[in-house]
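Chemist: All chains should be built: construct the whole structure from the sequences, respecting the hints.
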Amino acid sequence: MPAKATRAAFGEALIDLGARDERIVTLDADLSKSTMTVGFARKFPERAFNLGIAESNMVGVGAGLALTGRIPFVCSFACFVVGRFETIRISVAYTNANVKIVGTHAGIAIGEDGYSQMGLEDIACLRALPNVTIVQPADELETKQVVAWAVEHQGPVYLRLTRQNLEPVSPADYRFQLGRWVTLRPGTDVTVIASGGTVFNALEAARRLEAEGVSAEVVNAASIKPLDEDALVRSATRTRHVVTVEDHAVAGGLGGAVAESLAELLPTPLKRLGVIGFGESGDARGLYAKHGLDPAGIAASITKFLTR
Amino acid sequence: MTVDGTLEAIARACRVQIIRMLTHAGSGHPGGSLSVIDLLVAIVFGRLRHDPRRPDWPDRDRLVLSKGHAVPALYTVMARAGYFPEEQLITLRKLGSPLQGHPDRVALPGIEAATGSLGQGLSIACGLALGLKLAGSPARVYCILGDGEVQEGQVWEAAMSAPKLGQPGHPLDNLTVIVDYNKIQLDDFTATILDLEPLVAKWQAFGWPVLEIDGHDLAQIDKALGQAEATRGRPTLIVAHTVKGKGVSFMENNPEWHGKSPKPGEAVSAIREILGVTEAAWPDHLATDPITRALVDELRVLGKP
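Each protein sequence line maps, in turn, to chains V and A.
Quick note on numbering: the numbering used here labels position 192 of the first sequence as 192, and the sequence is numbered without any gaps.
Quick note on numbering: the numbering used here labels position 176 of the second sequence as 176, and the sequence is numbered without any gaps.
Derived by calculation from the structure, the hints in this document are not laboratory data.
One or more of the hints may lead you astray.
[Stated by the list, open to error] Quick list of in silico lysine-lysine cross-link-like pairs, DSSO-like style, CA-CA up to 27 Å:
1. A:94 - A:263
2. V:33 - V:43
3. V:43 - A:164
4. A:164 - V:33
Modeler: See the structure below:
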């Protein structure tokens with residue numbers, strides 16, 4: 001499989017699933033060409049609704065549709081849709097409405113558009129809401145499975161997707177399961193937990209570390225809420241060191257969730273890698289290097305952490 | 001049910017229960033509950049196709065009380081309709097009760113939307129109306145907004161969207177929206193805080209047919225609901241002019257009674273006024289009305305330390 005943006009894989013999956021399941025509808029806020037629901041809208045125009053640049057209303061309309069048995073995918077950039085937190089909190093989470101919230105353009109990897117377009121605090125916000133499940137797939141194969149799973153799952157889901165292409169990382173026989181992480185590379189010295197756009201870089205970092213004699217276990221944590229606490233404890237028990245890697249604010253995201261669980265279940269030295277402060281404009285490669293999320297940066301942080 | 005004294009009797013009984021339950025709760029919102037109750041009675045007992053034994057019936061009409069703080073009024077109507085026993089009303093706001101301080105869809109079957117965080121109900125109502133149209137259901141959706149609530153931006157997002165949403169195949173002409181225009185919000189009069197005027201012209205400019213009525217005249221309410229139901233191609237807005245605290249002289253038009261519960265003595269006076277009995281005639285009335293007598297005794301006990 002060639003590299004593909006998870007938003008593109010999402011758009012393709014929706015068309016396939018939409019042909020089989022009449023319940024699926026899409027809602028957009030004038031970004032359907034970017035969230036990639038535009039293909040679904042062309043194929044099923046009577047089931048695609050563009051609400052205009054009015055995300056709060058879009059979320060609420062989605063909740064109402066869900067309450068009549070539809071399965072609405074409510075889509076925008078991660079920052080814009082999660083920015084309507086209070087509407088998500090009451091109309092979706094508290095209502096336990098079967099709404100699939102899709103946030104694309106996650107992270108600093110969107111690059112040139114700069115901070116205002118970057119979803120960087122979305123996981124932190126939604127992680128606080130009961131009933132809401134959070135999933136971030138890492139490649140095309142996983143995305144298509146996650147979208148199919150979301151259709152069948154009863155309850156609110158937040159799907160976090162990337163603008164940029166992602167290299168395939170999942171094994172060919174991979175099956176997504178909520179609350180189950182996948183070990184992509186076994187190791188003994190440190191557990192590296194990555195999600196979404198940083199998984200491939202974490203694998204690359206592990207290859208570099210191997211040359212330095214460090215055996216890094218790399219885990220793909222697509223299921224962010226709930227975490228796979230069994231896998232976390234199992235791996236951390238062996239390696240005694242945990243590093244999280246995410247394209248999200250370092251506070252409150254995957255790293256925050258792992259820190260909370262480890263502190264309660266198995267206090268273990270932990271290093272959280274992510275975005276500190278606001279993002280900014282620039283090329284994605286340069287931004288990843290600046291924030292230490294490229295393979296070299298991740299490897300260097302792990303070495304420093306293990307030799308502190 | 002036709003519009004006659006029966007609906008008025010129901011509205012009066014509901015007003016009494018509103019006072020009763022708020023007094024038991026020791027907190028809550030009497031003003032907006034008393035302004036909206038006639039609208040709720042007219043909808044639920046005059047128009048709504050529903051079945052309290054089947055709150056998940058797919059083709060039921062939906063009622064979204066977007067001004068969720070007035071939920072005591074909705075609870076009284078639901079109890080009377082048979083969704084739960086009337087005795088449960090006094091568990092309002094108590095630990096473990098499905099009668100939450102603001103509507104909770106999960107806790108209480110029959111509640112269509114969690115509201116109370118103002119501004120969200122109209123969007124949900126639009127989604128319900130669109131979903132019902134897509135399903136080919138004959139059901140209607142009723143949404144009641146508070147006037148202060150109309151200050152929320154999300155209301156205007158929904159207002160701009162609703163006349164166009166679903167067009168051309170599935171227009172939301174199955175949606176009736178009512179503004180309970182009681183002219184008062186928590187802090188003060190709406191005209192002082194953030195004036196809504198010209199309210200009718202604003203909604204018309206957004207593409208809505210607008211009807212203006214006296215929101216305490218049950219015949220007028222029913223007529224407007226019928227006109228809205230007969231309108232094709234677009235949702236309808238009804239601006240219902242109401243009086244905050246309607247039926248209780250010391251609560252009427254007084255911002256102080258937006259969000260405080262009556263004390264037991266005040267509650268008894270309120271119930272007497274709602275029943276239309278003078279102070280002089282009250283002892284005789286109680287002697288001949290054992291149900292009210294019991295209610296008064298129940299409330300007086302609440303006043304004892």
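Chemist: A separate judgement is required for each hint: does it hold in the structure or not?
Modeler: Evaluated hints:
1. A hinted pair counts as satisfied when its Cα atoms are at most 27 Å apart, and residue 94 (chain A) with residue 263 (chain A) qualifies at roughly 17 Å.
2. Of the pairs offered as hints, the one joining residue 33 (chain V) and residue 43 (chain V) holds, with about 14 Å between alpha carbons and a cut-off of 27 Å not exceeded.
3. This hinted pair checks out: residue 43 (chain V) and residue 164 (chain A) have alpha carbons roughly 21 Å apart, not beyond 27 Å.
4. About 21 Å separates the Cα atoms of residue 164 (chain A) and residue 33 (chain V), which keeps this hinted pair within 27 Å; it holds.
Violated hints are absent here; each numbered hint is respected by the structure.
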